[in-house]
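**Q** Starting from the structure of chain A, add chain B where the hints point.
As they're listed, the protein sequences go chains A and B.
The opening residue of the first sequence carries number 301 in this note's numbering; numbering runs sequentially from there.
The opening residue of the second sequence carries number 2 in this note's numbering; numbering runs sequentially from there.
Calculated from the structure, these hints are not laboratory results.
Every residue gets a Cβ at the ideal spot worked out from N, C-alpha and C, and that includes glycine.
Keep in mind that a hint or two might mislead.
Which bits of chain B does chain A cover? Going by a derived footprint, with three or more residues having C-beta under 8 Å, they are [unchecked claim]: (1) 59-65; (2) 142-154; (3) 287-300.
Beta-carbon label-pair distances, calculated as ranges [to be verified]: (4) 408(A) - 83(B): 30 to 40 Å; (5) 427(A) - 134(B): 25 to 35 Å; (6) 379(A) - 163(B): 42 to 52 Å; (7) 436(A) - 66(B): 34 to 44 Å; (8) 153(B) - 376(A): 44 to 54 Å; (9) 473(A) - 76(B): 57 to 67 Å; (10) 419(A) - 134(B): 21 to 31 Å; (11) 378(A) - 79(B): 52 to 62 Å; (12) 159(B) - 423(A): 13 to 23 Å; (13) 83(B) - 503(A): 53 to 63 Å; (14) 134(B) - 440(A): 41 to 51 Å; (15) 546(A) - 59(B): 29 to 39 Å.
Simulated pairs of lysine-lysine, DSS-like, Cα-Cα distance not exceeding 30 Å [said to hold, decoys possible]: (16) 467(A) - 426(A); (17) 435(A) - 467(A); (18) 148(B) - 426(A); (19) 445(A) - 435(A); (20) 72(B) - 404(A); (21) 435(A) - 471(A); (22) 445(A) - 467(A); (23) 473(A) - 445(A); (24) 56(B) - 72(B); (25) 72(B) - 148(B); (26) 426(A) - 473(A); (27) 426(A) - 492(A); (28) 426(A) - 440(A); (29) 492(A) - 56(B); (30) 471(A) - 492(A); (31) 404(A) - 148(B); (32) 148(B) - 406(A); (33) 440(A) - 471(A); (34) 405(A) - 72(B); (35) 471(A) - 426(A); (36) 406(A) - 72(B); (37) 492(A) - 473(A); (38) 426(A) - 445(A); (39) 440(A) - 467(A); (40) 148(B) - 445(A).
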Amino acid sequence: MRGARLGRAGTGGQPIKSRSACERPWQSQWGVNVNALMRLLLHLLSASAALALSSGAAQAHPHVWVTAASELIFAADGSITGIRHAWTFDDMFSTYALQGIAAKKKGTYSREELAPLAQTNMDSLKEYGFFTFAKVNGQKQPFQKPADYFLEYRDSTLVLHFTLPFKTPIKTKQLAVEIFDPTYFVDFALQKQNPIRLVGAPAACATTIQRPNDGAAAAQKLGEASFLNGSNSNYGAMFANKINVDCP
Amino acid sequence: MKTNRQTALNCLAIMAVAIVVDGALRSALAQNPFGGPPAAPDAQIGGIVGWLMTKQSEFYREMSATIRAAKADGSAVWTLLAISFAYGIFHAAGPGHGKTVISSYLVANEETARRGIVLSFVSALMQSLIAVLIVGIGAWLLNVTAKTMCGAERAIEIASYTLIAAFGVRLVWSKGGGLIRALQSSYGRSAPTIAPVLAHATAFHHDHGHHSHDHGGHEHHHHDRGPAHATVARDRVSGHEHAEHREHGHVHDEHCGHSHGPEPSQLSGPGGWRRGFSAVLTVGIRPCSGAILVLVFALAQGLFWAGIAATFVMGLGTAITVATIAIIAVSAKGLARRITAGRGGSGALVMHGVEFAAAGMVLLFGVGLLLGYIAAERVTCF
Numbered sequence: 301m302r303g304a305r306l307g308r309a310g311t312g313g314q315p316i317k318s319r320s321a322c323e324r325p326w327q328s329q330w331g332v333n334v335n336a337l338m339r340l341l342l343h344l345l346s347a348s349a350a351l352a353l354s355s356g357a358a359q360a361h362p363h364v365w366v367t368a369a370s371e372l373i374f375a376a377d378g379s380i381t382g383i384r385h386a387w388t389f390d391d392m393f394s395t396y397a398l399q400g401i402a403a404k405k406k407g408t409y410s411r412e413e414l415a416p417l418a419q420t421n422m423d424s425l426k427e428y429g430f431f432t433f434a435k436v437n438g439q440k441q442p443f444q445k446p447a448d449y450f451l452e453y454r455d456s457t458l459v460l461h462f463t464l465p466f467k468t469p470i471k472t473k474q475l476a477v478e479i480f481d482p483t484y485f486v487d488f489a490l491q492k493q494n495p496i497r498l499v500g501a502p503a504a505c506a507t508t509i510q511r512p513n514d515g516a517a518a519a520q521k522l523g524e525a526s527f528l529n530g531s532n533s534n535y536g537a538m539f540a541n542k543i544n545v546d547c548p
Numbered sequence: 002m003k004t005n006r007q008t009a010l011n012c013l014a015i016m017a018v019a020i021v022v023d024g025a026l027r028s029a030l031a032q033n034p035f036g037g038p039p040a041a042p043d044a045q046i047g048g049i050v051g052w053l054m055t056k057q058s059e060f061y062r063e064m065s066a067t068i069r070a071a072k073a074d075g076s077a078v079w080t081l082l083a084i085s086f087a088y089g090i091f092h093a094a095g096p097g098h099g100k101t102v103i104s105s106y107l108v109a110n111e112e113t114a115r116r117g118i119v120l121s122f123v124s125a126l127m128q129s130l131i132a133v134l135i136v137g138i139g140a141w142l143l144n145v146t147a148k149t150m151c152g153a154e155r156a157i158e159i160a161s162y163t164l165i166a167a168f169g170v171r172l173v174w175s176k177g178g179g180l181i182r183a184l185q186s187s188y189g190r191s192a193p194t195i196a197p198v199l200a201h202a203t204a205f206h207h208d209h210g211h212h213s214h215d216h217g218g219h220e221h222h223h224h225d226r227g228p229a230h231a232t233v234a235r236d237r238v239s240g241h242e243h244a245e246h247r248e249h250g251h252v253h254d255e256h257c258g259h260s261h262g263p264e265p266s267q268l269s270g271p272g273g274w275r276r277g278f279s280a281v282l283t284v285g286i287r288p289c290s291g292a293i294l295v296l297v298f299a300l301a302q303g304l305f306w307a308g309i310a311a312t313f314v315m316g317l318g319t320a321i322t323v324a325t326i327a328i329i330a331v332s333a334k335g336l337a338r339r340i341t342a343g344r345g346g347s348g349a350l351v352m353h354g355v356e357f358a359a360a361g362m363v364l365l366f367g368v369g370l371l372l373g374y375i376a377a378e379r380v381t382c383f
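So that you can see chain B by itself, here it is in the shape it has in the complex:
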């Protein structure tokens, strides 16, 4: 009993730490996140975030000198790539809307860590590509001024924020439905039977054969699932619910020893990837201001190719950090689900609440960015 309690407390603590660290990473407030006294005054800004900021500033400032050095000594390009990689890692670890949107999306939907990793890499790659395209077309081909390029960046930025908000609306809509159904079934039925979540889940059931018994509010634990996955393709078509419940089962299995990786068909379901890529698109089209500056600088030094290489290496670093945060987010949710798993309707309600909150976060971010309440990394326009 004692050890059980210990395990439970440990798991809860890990989850709490994961969520708080994630939140702290997204915020560069030097303050104690919960309003406590500020961090050590001798550092300009305290804590992990302050250190991250100092580091990325250092790396970033070294870039221009390194590119200049590379003009005379080609081997300095290697230094440039190393700095860019480190910069990418540190830059993404700081606060930014990109990883917030991606992580929130992953939490709102039942996504696997593996998919989170792939999406992180795709979005970082896309960001790098867009930066290279803007500077390649704008500065190299057309030789427009910085002001003109900046105008293009601004247009892309607004498009990106609009897409995030629209994507948020869509998530809130679908997750809100799930939450309302869970609420209805939870309050509508006080009878001590399984019904709560099953009730809402069945609203969406058609003929899933083996599958339907899986939806019992995450109750089922270890029955043989046999050919359940055969119905994957059909599930996708009929909504998120199925995908979710199936993967609930998956998570349990993994945690408790008889792990099986996600079937390829699960990952490549028609709706799933498309939805994932729309998440990536919303954030990936907005290039990083730092990359644009580096590219223009490299171009002016006659080392455009080195700037391009640096941009992609930067993207690689960014992807690693974003993927890590995505894994933390997915794991935290998995943990939360395991904690609530035995609680039937109310446990499911918590998970629906979490998903809805994550969806709301995406919407809030999109709207906040659009209206300027959330200042993203500024476009260099002056």
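Next up, chain A with everything else stripped away, as it sits in the complex:
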């Protein structure tokens, strides 16, 4: 049987001395299906290629942990002028960031000694949009350059303080703010107690907070994440902290 089949492909007259069961099945069963098989293989390959490409953003697991506390700053007229962050870095990253930075007094760092590092932070975070995304009715609200930034050394960790002023103060009934790293290299967690404060807000304003470990948020974001969306940016959104400010 096999000899006849192979005759098509031709063995060059080589006698077949032994055949073991393990090579016959394909020949008898898959004989006519090489094209289908090829399609299958190509399909699988392109699927893995697509996966590999689209998953680029997901390569990282968090290496840096930030505990965030933020303030929304209101002007006298009730418009929101900006966001003031206080981000506490984890032990390991704080130590790493302090590498090579000289301190006059051992074991503590003054604001001045940390000023160059704070500058580095601001310069680098710019590339990531300061991990802060504000929206009104789905419209992205741009920020100006950060102001009033400094680092504080507290309980052997670094706390980064900075203010992001909106390009134009926002007068709105509802502002949505998300804090997260799209590539999830940095894990953001809002601090447990009172993470979002409204400063100078009209009395009627209130905040609602959705933390990433809230199942509903994760499910929603998963639905939004899609293949090859080109931006490589949806992955970390599953870990976003979502803040809504309502001023009815």
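**A** Showing chain B alone in chain A's frame:
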């Protein structure tokens, strides 16, 4: 007949599963890989990958506390090493370009699982070594800032991606030639003879004596091969084709019972190892950001040696995972070849297609990483 079909289906299923699992491991998308509904919403991210990510995060976070503990209690170093080992295993199981490049390289070339294992270990060892060198020279000797070290990491990163892309170009070039020749012979000759693959193979033949009959599109199965391997060294010089075809024979033998391991000369052929090591070099020079952080932290705690030990143990864990994935990739290809083996020209065409696609993958990754379409693990620069 029934059992034959069963076996065939089983083998095909195994291959499909292997490829899909491999793809899934490389992707941390929580979605069903083929666009289905997302995984269980109660987990932050679903499935194996989500679990892997959670685990490695846990291990990683425990490291700083353990290093601190080791300052007071030396025995905590053992805990640190255990955590680092586990972290290495889990970290490498997640998506990463390193194992993608190595696996693709192994599939594109006819490589043995054994060589895949060795290459995985060498690349992991190299990664650890580079991390130790960066922190050892940068932080310990010169006491530069994190920003400066990060600049060095970035430079290395760009070099690594460029090398991957260049390596991909080289693979695509050589594999593309094979594919085109296979296509030509497959379409150029409709005559129902063996010719297809032999035609292209013979283009490269010189005088291989016993060897030439081996190239018949993987048709030959079990004739005695006698002193065929004596020509190994010469084969290497004249291109990939020979190495491939020889090992086709090898794989068949192994699968069907009369196994013989690869001869040392096969593994240490002049072109072979060098090519393998260039694959390793492209990915191995880029250190893992996690290792750098751990090393700097350990140095600051006055336990640099513990950080170094942890880094190498991490590398060992990484190597085990990458080697496993490499074995899966090599086996999947072996299986694919066995399935296509009896099909002469068209079967060979499939295998050339697979090799070409794997080569293309390396190129795509290199270019994607360079242009930033694929975000690799970020360098800690802020």
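**Q** Against the earlier hints, flag every one the structure doesn't satisfy and list their numbers going up.
**A** Checked against the structure, no hint fails, so every one of them is satisfied.
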